[in-house]
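Numbering (our numbering), first residue to last: 73 to 174.
Rather than coming from a laboratory, the hints here were simulated on the basis of the structure.
Misleading hints may appear alongside valid ones.
Unchecked claim - Listed next, with one range per pair, are the computed distances between beta-carbon atoms:
#1 Q82 with S173: 43 to 49 Å
#2 A140 with D119: 25 to 31 Å
#3 K105 with L75: 22 to 28 Å
#4 A91 with A171: 20 to 26 Å
#5 S106 with Q77: 41 to 47 Å
#6 G150 with D119: 36 to 42 Å
#7 E170 with D80: 17 to 23 Å
#8 K89 with A162: 27 to 33 Å
#9 A98 with V169: 29 to 35 Å
#10 S152 with D119: 20 to 26 Å
#11 E148 with R83: 40 to 46 Å
#12 T154 with R83: 24 to 30 Å
#13 T110 with R83: 36 to 42 Å
Unchecked claim - Below, simulated DSBU-like cross-link-like pairs (lysine-lysine); rule was C-alpha separation at most 30 Å, straight line:
#14 K158 with K141
#15 K126 with K89
#16 K139 with K126
#17 K144 with K126
#18 K105 with K141
Heads up, the beta-carbon is just placed ideally off N, CA and C, and yes, glycines get one too.
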Amino acid sequence: MALPQLTDEQRKAALEKAAQARHARAELREKIKSGKVTLEGVLDSDDPIASRMKVSALIESLPGYGKAKAAKIMDELGISATRRVKGLGARQREQLVEALSK
Numbered sequence: 073m074a075l076p077q078l079t080d081e082q083r084k085a086a087l088e089k090a091a092q093a094r095h096a097r098a099e100l101r102e103k104i105k106s107g108k109v110t111l112e113g114v115l116d117s118d119d120p121i122a123s124r125m126k127v128s129a130l131i132e133s134l135p136g137y138g139k140a141k142a143a144k145i146m147d148e149l150g151i152s153a154t155r156r157v158k159g160l161g162a163r164q165r166e167q168l169v170e171a172l173s174k
């Protein structure tokens, strides 16, 4: 499938929108690291930024967790590395909260 041809104005708008989304995701990750936002808060949120965040990025944002621990937890729970928060099932959410609250 060929990508649509965008005008310079459309391309600039798309780039600005992507930059805003990255900035909002970075802010959310900082709030998680600092403890202002909890894991449960992100999982239950209707915020599009939170729901589109990858589960691995969410785990890595938690204090004391890095890429290796996040990968191990996701592997143990059978969560795909490309899974996003919105795509988690109810049982996966419960298992994730349980695994990270130990």
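Hint check results:
{"no.": "1", "hint": "Q82 with S173: 43 to 49 Å", "result": "holds, 45 Å"}
{"no.": "2", "hint": "A140 with D119: 25 to 31 Å", "result": "holds, 28 Å"}
{"no.": "3", "hint": "K105 with L75: 22 to 28 Å", "result": "violated, 35 Å"}
{"no.": "4", "hint": "A91 with A171: 20 to 26 Å", "result": "violated, 33 Å"}
{"no.": "5", "hint": "S106 with Q77: 41 to 47 Å", "result": "holds, 43 Å"}
{"no.": "6", "hint": "G150 with D119: 36 to 42 Å", "result": "violated, 26 Å"}
{"no.": "7", "hint": "E170 with D80: 17 to 23 Å", "result": "violated, 50 Å"}
{"no.": "8", "hint": "K89 with A162: 27 to 33 Å", "result": "holds, 31 Å"}
{"no.": "9", "hint": "A98 with V169: 29 to 35 Å", "result": "violated, 24 Å"}
{"no.": "10", "hint": "S152 with D119: 20 to 26 Å", "result": "holds, 22 Å"}
{"no.": "11", "hint": "E148 with R83: 40 to 46 Å", "result": "holds, 42 Å"}
{"no.": "12", "hint": "T154 with R83: 24 to 30 Å", "result": "holds, 26 Å"}
{"no.": "13", "hint": "T110 with R83: 36 to 42 Å", "result": "holds, 38 Å"}
{"no.": "14", "hint": "K158 with K141", "result": "holds, 21 Å"}
{"no.": "15", "hint": "K126 with K89", "result": "holds, 19 Å"}
{"no.": "16", "hint": "K139 with K126", "result": "holds, 13 Å"}
{"no.": "17", "hint": "K144 with K126", "result": "holds, 15 Å"}
{"no.": "18", "hint": "K105 with K141", "result": "holds, 15 Å"}
When held up to the earlier numbered hints, the structure conflicts with 3, 4, 6, 7, 9 and fits the remainder.
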